[in-house]
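Peer 1: The chain contents come next:
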Amino acid sequence: MSVVAGVRSAGLRIPGVRKLEHSLLVYRRIWRGTFFGTLVSPVLYLSAMGVALGSLVPTMTTFGGVPYLVFLAPGLLAAQAMQTAAQESSWPLFAGFKWNKTFEAMIGTPQGVRDIVLGHLYWLVVRVGLVTGVFLLVAFLFGAVNSPTVILAWPAAILTGVAFGMPMAAWTASRKTEQSFAFVFRFIITPLFLFSGTFFPIEQLPEAVRAFAWLTPLFHGVSLTRSLAIGHDLNLLTLAIHALVLIAVATVGTLIAFRTFKKRLVV
Amino acid sequence: MPTPESIGEPLIHARGLTKKFGDFTAVDAVDFDVAAGEAFGFLGPNGAGKTSTMRMIGAVSPRTGGELTVLGADPDQAGPRIRARLGVVPQSDTLDTELTVLENLIIYGRYFDISYAEARRRATELLEFVQLNDRAKDLVEPLSGGMKRRLTIARSLINEPELLLLDEPTTGLDPQARHLVWDRLYRLKQRGTTLVLTTHYMDEAEQLCDRLVVMDKAKIVAEGSPRALIEKYATREVLELRFPVGVQETLDGKLDGLGDRVEHLPDRVLVYATDGEAAATAVHERGLQPETILVRRSSLEDVFLRLTGRTLVE
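Here the protein sequences line up with chains B and Z, keeping their order.
Be aware that the first sequence starts at 1, since it is given in our numbering, and climbs by one per residue.
Be aware that the second sequence starts at 1001, since it is given in our numbering, and climbs by one per residue.
Since the hints were made in silico from the structure, they are not lab data.
Don't take every hint at face value.
Straight line, CA to CA, 20 Å or less: simulated EDC-like cross-link-like pairs of lysine to aspartate or glutamate [unchecked claim]:
| no. | chain 1 | residue 1 | chain 2 | residue 2 |
| --- | --- | --- | --- | --- |
| 1 | Z | K1189 | Z | E1285 |
| 2 | Z | K1232 | Z | D1260 |
| 3 | B | K263 | Z | D1275 |
| 4 | B | K262 | Z | E1285 |
| 5 | Z | K1219 | Z | D1033 |
| 6 | B | K101 | Z | E1098 |
| 7 | Z | K1020 | Z | E1067 |
| 8 | B | K263 | Z | D1076 |
| 9 | Z | K1254 | Z | E1285 |
| 10 | Z | K1232 | Z | D1210 |
| 11 | Z | K1254 | Z | D1275 |
| 12 | Z | K1020 | Z | D1031 |
| 13 | B | K98 | Z | E1141 |
| 14 | Z | K1254 | Z | E1223 |
| 15 | B | K101 | Z | E1141 |
| 16 | Z | K1232 | Z | D1275 |
| 17 | Z | K1254 | Z | E1231 |
| 18 | Z | K1219 | Z | E1098 |
| 19 | B | K176 | B | D233 |
| 20 | Z | K1137 | B | E21 |
| 21 | Z | K1217 | Z | E1098 |
| 22 | Z | K1219 | Z | E1125 |
| 23 | Z | K1232 | Z | D1252 |
| 24 | B | K98 | Z | E1285 |
Distance windows between CB atoms, simulated [what the hints assert, rightly or not]:
| no. | chain 1 | residue 1 | chain 2 | residue 2 | range |
| --- | --- | --- | --- | --- | --- |
| 25 | B | R186 | Z | R1121 | 33 to 39 Å |
| 26 | B | V252 | Z | E1067 | 46 to 52 Å |
| 27 | Z | R1121 | B | R114 | 26 to 32 Å |
| 28 | B | G33 | Z | G1072 | 45 to 51 Å |
| 29 | B | R186 | Z | R1187 | 50 to 56 Å |
| 30 | Z | E1067 | B | R259 | 45 to 51 Å |
| 31 | B | R186 | Z | K1020 | 48 to 54 Å |
Listing some non-contacts, in silico: residues in chain Z with all C-beta distances to chain B over 10 Å [stated by the list, open to error]:
| no. | residue |
| --- | --- |
| 32 | R1083 |
| 33 | S1092 |
| 34 | T1094 |
| 35 | D1096 |
| 36 | E1098 |
| 37 | G1253 |
| 38 | G1259 |
| 39 | L1294 |
Glycine is no exception: its CB is placed at the ideal position from the N, C-alpha and C atoms.
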């Protein structure tokens, strides 16, 4: 016991760090399987949509006066952050509750619900950071990004991911079966991907739908990421509003996750 | 039975401990104490409230009512501090199937804020203890049920717990695997670790427990050492009779007066008697011809049957 006590008193205990260590350890085992997608997906999208389709699209003011490839890349970046985070907060998270029961094991130790929720948040930051980092690198090689402010588009994309990942995690904790995940991806994530400004500005949408797009976090994520990636005429107020919406959604999602995780695990 | 006063504070102290899920009462006002160094058991059929009780002791499930002290503290207030000193073997293994055997132990050690170097040292030692050292680098998934159980036990020991909680440690294991688990638990007990376990196997309770409570329908129905319970609720020996199909229903009263008590089960008749052989002779003298006839020592199963009118594993 003295050893345990000694180790514990030695360092400051940051909630959620052990859960992050667990995720990293698992990732070390499975990263090869995910890395292909991480690298190949941006190459495919940027070459097909950005380069091939983009060569048919004239540089227009609608696209902020930049080539379509440059317009598209940050949109895809934010969308990929969303998809990665939603993915991490669905099946793999659900496994911790139901299939592997990792979380049941965890709460039998000094770790608690708070550690699991925050650990998941940290993991989203790491995982989305990795995916979007690779994406930015590929986009750079494609010549799709060139503004120095693009470095700020990276945290913006990560924030977008967290704004999806945490509400999704809160919801996943309340699921008894995995059946509804496919529904979420088909009817929420994919439509958002298509209509939140990823491929074209939402001004192209009918008025009523446009208002709806304003309510979706992906629109704010795409707008923020795109402004920072293109770097022209930055409007600080607009940027702040987009960022605040994302922060608000991520925070509310995390607070709800504390409740749903507790309800699921502490019975 | 050592009283709490004679050995100082009990490690676990429960009075009127109650757990409800909505309208359903899983644990209904149970009282018990567990002393340091004891092996204490909850014996009962599935659904008796054993697991709910264990989860409350493990400081993962808040109680609905009553008093509970574990290692001198209230689990509602000091959950993490109590859990730091507990070892838990849950009913299902909850191992990380994506990780190796060794990684499972190390990451679990990290949950207790044990340094990587120390966790690795302990993990290696523990794998030796549960005879899994040659599987250290293997993934968990292909391990047999018995191996996974031993790994879960090894994992529960990574923080050198004072109190080890085992929820049905050998359910689903083959006899060989069970004996190996029992042997390891016996060694832990010898080293002074306090064991609290649930089981619906009477032989497990007899092998491992110094003292146990019998639970049925959310309540404790009896308490004592295995020997004392058998002496109190059963006779020294039991005569088991199996009759050809259809015959048992036509016995009406022909076995009356044999031994102290006669119990009719769906598949056999049990005659409780101090002298089983004498009772067997009497059965033949009455002209009855059972298909098989067996005299055995009475067990906790008989105690349970006596107390509840049902067998443990149904």
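Peer 1: Going back to the hint list, which numbers does this structure go against?
Peer 2: 1, 3, 4, 14, 17, 18, 19, 21, 22, 23, 24, 25, 26, 30, 31, 32, 33, 34, 35 and 36
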